[in-house]
Amino acid sequence: MSEVDLLHEELVFLDVDARKTEDLFLFVGEELEKRGYVKSTFTRAIIEREALYPTGLALERINIGIPHTDPMHVNTGFVAVVKNKYKLPFIHMGTNNQQILIDYFFILGIKDPADQVKLLQLLMEKFSNVEFIQGLQSNHEQHTLFSFIKNKFEE
Amino acid sequence: MKTVIVACGSGVATSQTVASKVKKILNENGVKANVEAVDIKSLDQYIKTSHVYIAITKAKKEYDIPTLNGIAFLTGMGMKEETEKLISLLKS
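Residue numbers (full-length UniProt numbering), protein chains in the order written: chain A, 1 to 155; chain B, 1 to 92.
What the hints contain is simulated information worked out from the structure, not anything from laboratory work.
Errors might be hidden in some of the hints.
[As the list claims (entries may be wrong)] Pair by pair, the computed Cβ-Cβ distance ranges are:
| hint | chain 1 | residue 1 | chain 2 | residue 2 | range |
| --- | --- | --- | --- | --- | --- |
| 1 | A | Asp17 | B | Lys91 | 52 to 62 Å |
| 2 | B | Asp39 | A | Lys118 | 36 to 46 Å |
| 3 | B | Lys2 | A | Glu131 | 36 to 46 Å |
Backbone N, C-alpha and C fix where the C-beta goes; we use that ideal spot for every residue, glycine too.
Next up, chain B with everything else stripped away, as it sits in the complex:
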């Protein structure tokens, strides 16, 4: 099963909110994946075992896995496009 990682400054507020939204969306679409929220400082260690990174803070460096816009999942604005990208990444 593929892993989706969501990161924010603390790993407790925004990232968990986004992670819970993403889990719900994947469920509704019948897509199975692990969705985890972490704090940005632990991102490097988690990214190696993840397939998609949903970013809430601006990245200080580039990661070699696909990165999606987490704010879209938080506010709902632009969420449809990010959802489509996420699902196609997880299905591929």
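Okay, chain A solo, but in the shape it has when bound:
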């Protein structure tokens, strides 16, 4: 499977109005379940896993969260791109208390672990690219942001 197949326009969520990070996961989890991407256990699994093994990353130009969980909670592989109206706090990977404010969440739903490795490599490569970050920040609509990311994934 190519990573670009994991992107879906309906899974780009902008201007989400969540007060807390957990609310954001509940909202996105419900949308994912409604569309058949995940099982009903997904949201709880993400929240619990995040408490144990946080996935916030303060990168050079942007702070991201890459929540993910075990394939058993996922029906169809996907990457959901989520931006809240304002930045939400999240714990940095490899720590249990270092809080950062997240610009974008890339929620990863993976069926095949081999795909996950390629996907993470691709994401990390993109996030270290200044053009990619600028594009993320300058596309404020679902369709344009989706097309932008899709094009970049295909490069």
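We have chain A; now place chain B onto it with these hints.
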């Protein structure tokens, strides 16, 4: 041959990504080593036969082998320093 162990919560996502990056770097530098990704729950059993531990999650306890920062290999930030440390540990 020395063994490098990489551990994350599940042993499938981040640790494998980091392990694959580390393998590539060691290859490019002509350093031979076994690089393995495991889940954090199996770490205790693997650590005994490993020489370097690359950590992605915060350790609950101290291990008596050298520990490197795995997030540097994931994001590329600070990777040069961790690479230098890793190579010198594997060559010593």
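Quick rundown of the hints versus the structure:
1. Asp17/A - Lys91/B: 52 to 62 Å: 54 Å, holds
2. Asp39/B - Lys118/A: 36 to 46 Å: Given range 36 to 46 Å: violated, Cβ gap about 19 Å.
3. Lys2/B - Glu131/A: 36 to 46 Å: Holds - the Cβ-Cβ distance for Lys2/B and Glu131/A, about 39 Å, lies within 36 to 46 Å.
Figure legend: structure checked against the earlier numbered hints; the only hint not met is number 2.
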